[in-house]
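Got chain A; can you put chains B and C with the ligands on it based on the hints?
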Amino acid sequence: MRTMRTVTIVLGASCLLAMAVITVCDVTMRYLFNDPIFGASEMTQYLLGGAVFSGLFAVTRDRAHVKVAIFEPWLIKHMPKIYRGIYDIFSLIGVTSIFAILAWRFLDIFEYPEDSIVLGLPIGLIVGAFTLLSALSIPAALLAIRSGVPEPLPTDKNAE
Amino acid sequence: ETDLSFNIFFPPTHYIWPVFQTWADDVSKATGGEVKITFPAKSVAPPPGVMDAVRNGVADAGFVFNGFIAKNAPATLISQMPWLNLGDTAAVSTALWDTYTAEFAEHENLRGVELISMFNLGPAYLCSTTDDPIETLEHLQQRRIWALPGTIANTFSAMDLAIVAGPAVQVQELTSRNTVDAHMGLTAETIVSFGVAPYTKSCVDMLPSMQSANFSVFVNDRAWKRLSDENRAAVRELSGAELARRIGEATNEAEAAALTKLQEMGVVFNEPSDGLITAIGEASGKIAASWAESVSKKYGTDTSAILDALAAEIQARTENK
Amino acid sequence: MELALLGFAAVLLLAFVGVPLAFASLAVGFFGLMYLRGFEAALSVSSQWIVETSTNYNLSIIPLFIMMGAFIHRSGISKDLFAASYAWMGRFRGGLALSGIVSCAGFSAVCGSSLATAATMTRVAVPPMRDFNYSPGFSAGTIAAGGTLGIMIPPSVPLAIYGIVAGEDIGQLFIAGIVPGLLLVTLFLGAVVLVTAVKPELGPKGKSLPLGETIRASLSTWPVILLFGAVLGGIYSGIFTPTEAAAVGSFGAWLFGVTRGFFLDRASLWGVFEETVVTSAMIFSIVFAALILAQFVNLTGMPYDLQDKVLAWNFGPMGLVLMICAICVVLGTVFESIGILLLIIPVFLPSLNGLGVNLIWFGILVIIVIELGLITPPIGMNVFTVKSVAPDIPLGAIFLGVLPYILAMLVGGILILAFPEIATWLPDATR
Ligand code: NA
Ligand code: NA
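Heads up: the sequence lines are chains A, B and C, in that order. If you count the first sequence from 1, you need to add 68 to reach this note's numbering. If you count the second sequence from 1, you need to add 256 to reach this note's numbering. If you count the third sequence from 1, you need to add 25 to reach this note's numbering.
If we strip away everything but chain A, and leave its shape as in the complex, we get:
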């Protein structure tokens, strides 16, 4: 699963890089050659989606979903197991719901296909990819429950 975390982050990073490169190229082509890339903003859109759903695995695995920690000290002191359990169970339910909601949309588009408006890309395939990526976060949530690793503060990652 360590591998899966690496793979999803590499995938998400590739989407982000592609996004940045397409955008920078679009600007360059536009100003230097008067020739913008056709559909650049639409490519950016779907790459953004790719990055977001790729990242869902690591967020879930790292127990890094944002929570409101107002009563945390008290809850940790008095009912640490329950407090942790609530986070874990809702995390599992949450990512499973996101997967189910996307899967519903995917099946619907599969039956009545739609194309994106500028580039004419099959939206069904794109939503299918998002669905697949979000499915990965279900084992991530289960793993987070089993491993018992305390979640890092998001700020620990922001710092060096």
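Quick caveat, the hints were computed from the structure, so don't treat them as lab data. Be careful, since some hints might not be right.
[As the list claims (entries may be wrong)] Using C-beta positions, here's what the derived DEER-type ranges look like:
no., chain 1, residue 1, chain 2, residue 2, range
1, A, THR71, C, LEU347, 25 to 35 Å
2, A, MET97, B, SER546, 25 to 35 Å
3, A, ARG214, B, PHE266, 46 to 56 Å
4, A, ILE213, C, ARG116, 51 to 61 Å
5, C, SER245, A, THR71, 47 to 57 Å
6, B, ASN365, A, THR74, 45 to 55 Å
7, B, GLY541, A, CYS93, 53 to 63 Å
8, A, MET97, B, THR392, 18 to 28 Å
9, C, LEU219, B, PRO274, 50 to 60 Å
10, B, GLY541, A, MET97, 25 to 35 Å
11, B, SER546, A, ARG70, 48 to 58 Å
12, B, LYS553, A, ASP103, 33 to 43 Å
13, A, THR164, C, LEU347, 37 to 47 Å
Glycine included, every Cβ here is placed at the ideal spot set by N, Cα and C.
Only chains B and C with the ligands this time, still in chain A's reference frame:
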């Protein structure tokens, strides 16, 4: 009493709101207060998703840009084909409804919803945001152009022009930052209301217009079946061509007001060269022909003939005003 | 109205007992929609907004600015910023605190997040303050408050999110944040001067450096000035859209790091991308869940009810704005920034529009209110951040240390309320 929620994805300041509100009042009167139409404060779905939202009952009714449903209902695009709008959008909208219901409605089933009306918005303009007007094909070839996705973007793309295609709400940002130096596909009203007017220096004066956007108005099937026969008849009476006419006339007024405003702001309307019109005409003609062919293949209709008849009908209705 | 309030209460309750904020909003939004319109309607709304949000072109600015910040804070620029400010101001009473505020402002000019600004600057600025016998609480409080500048001085992730929610031009909002950001810097500096005048033992003088060294330290901050100039100047002059500016800025930040010998190995690049991908996914899951909740609120008819009430009370636009600010301040004690932006603003937007409130000005006010929330107890994310980086300083001492800055921020908020031009004249001048 039946409450029907009707989704409008245009901003609350758009002139279409009062048209629908009056229509809702009239529906209420005609049904003796039994059908009450309300409007959610903001759109329940992003614009491409409105039909899906209505089909699934998020709202009971609404309208969608036909470009978003073209994959499954290509014939709805008919009045977006080139050179139909002669400046009277009420004529286009009513003729669209009559033609579509007569020729395509039986073939084209919109899943889960009942089609109750259709309408077009005003003619699309080709405008320059630099001091130089666009008069010839060469001028156009030197530009970076924002183009409305669909017929226009496809046509310009076929002409090998440098285009940026995206939602119309982006145009203000694109023009204000010189990302593009021409735009094609906005109506006079949207040029003003989207804040593009200050950057627009001149527009090409071409009627018939190359394109005007069209929309389908529909009600969720289950909600529609909940209405009594009389109430359904009353709604139909006020929708269809009647609603198309009302929106068309409001569009005509809004367009006229916007044109006056643009002229006051110093926007110049210039004549295009014959070469420009011919070049756009050839490219868009191919787009229209391939659309007609695919619709004919799908439904076995003589779509080119229907398109010609629609053009003649629009011309007759425009002249009879 | 009651239904919507019930929904809010449910979200708060779930969030308080430890349910992740995104899933609390998602659950309440989904079941609320199901109650109002049925199961399929709830599925339709949720799936539409999940896909729409995660493929929204304007939101692509968020990961790109996160990436730019990630590159920047790993290239050691924070140390240079502090050294340059110290060279100028260290010699005065409270000089290290003054330097801390100014270097936070400098870092804010290239980073869109308050937490990242606070975390980075704590590492750099707190140890020297403690070397010079500054009060630990005051030192940490200074950086916690200085860090909030991260979201007022552009670029700013919360301002971008506000722009999406309110339908306002993100570029204009960024430009609008500059003057209020400088105003806050000035007020914070004033707070340091006042506090150390009353209690000199909190912040003794530092060393005085020779002029040559001062100038050399200042010159080393060129990358920040260049990047800020390229990003903001590009947006301001109309060369880039904000998304393009963010992409160009990330590229520039990487390039700058490379000139200093960073980002040449796989491990350091991995750190940047890991942070960017994880943080983006975290933010987007909150954003789409909040939009689903907002749709539930929309369908309860609450916006209309609220508008009717506000019109009936006849407080006028200012009354409404004050009321919303008060609500946000109260919620800001508990919620982090994005939660407030996405829960509260959509509800009031129709009324604000109806009463003709300038939404650029209002956005700047909301950001001040959010900044306030970041440093007020019981939940002050910036204070927690500083605490997590400097764990030996007691939380209570930090909250006491930020008190002068809370007052300064209130003054700033009142000034912007009274003189909207502070926020509006610069963007108006560029229209
Ligand atoms: Na910033
Ligand atoms: Na707080």
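Now for the hints, and whether the structure bears them out:
no.	hint	in the structure
1	THR71(A) with LEU347(C): 25 to 35 Å	violated, 54 Å
2	MET97(A) with SER546(B): 25 to 35 Å	holds, 29 Å
3	ARG214(A) with PHE266(B): 46 to 56 Å	holds, 51 Å
4	ILE213(A) with ARG116(C): 51 to 61 Å	holds, 55 Å
5	SER245(C) with THR71(A): 47 to 57 Å	violated, 41 Å
6	ASN365(B) with THR74(A): 45 to 55 Å	holds, 48 Å
7	GLY541(B) with CYS93(A): 53 to 63 Å	violated, 33 Å
8	MET97(A) with THR392(B): 18 to 28 Å	holds, 24 Å
9	LEU219(C) with PRO274(B): 50 to 60 Å	holds, 56 Å
10	GLY541(B) with MET97(A): 25 to 35 Å	holds, 30 Å
11	SER546(B) with ARG70(A): 48 to 58 Å	holds, 52 Å
12	LYS553(B) with ASP103(A): 33 to 43 Å	holds, 35 Å
13	THR164(A) with LEU347(C): 37 to 47 Å	holds, 42 Å
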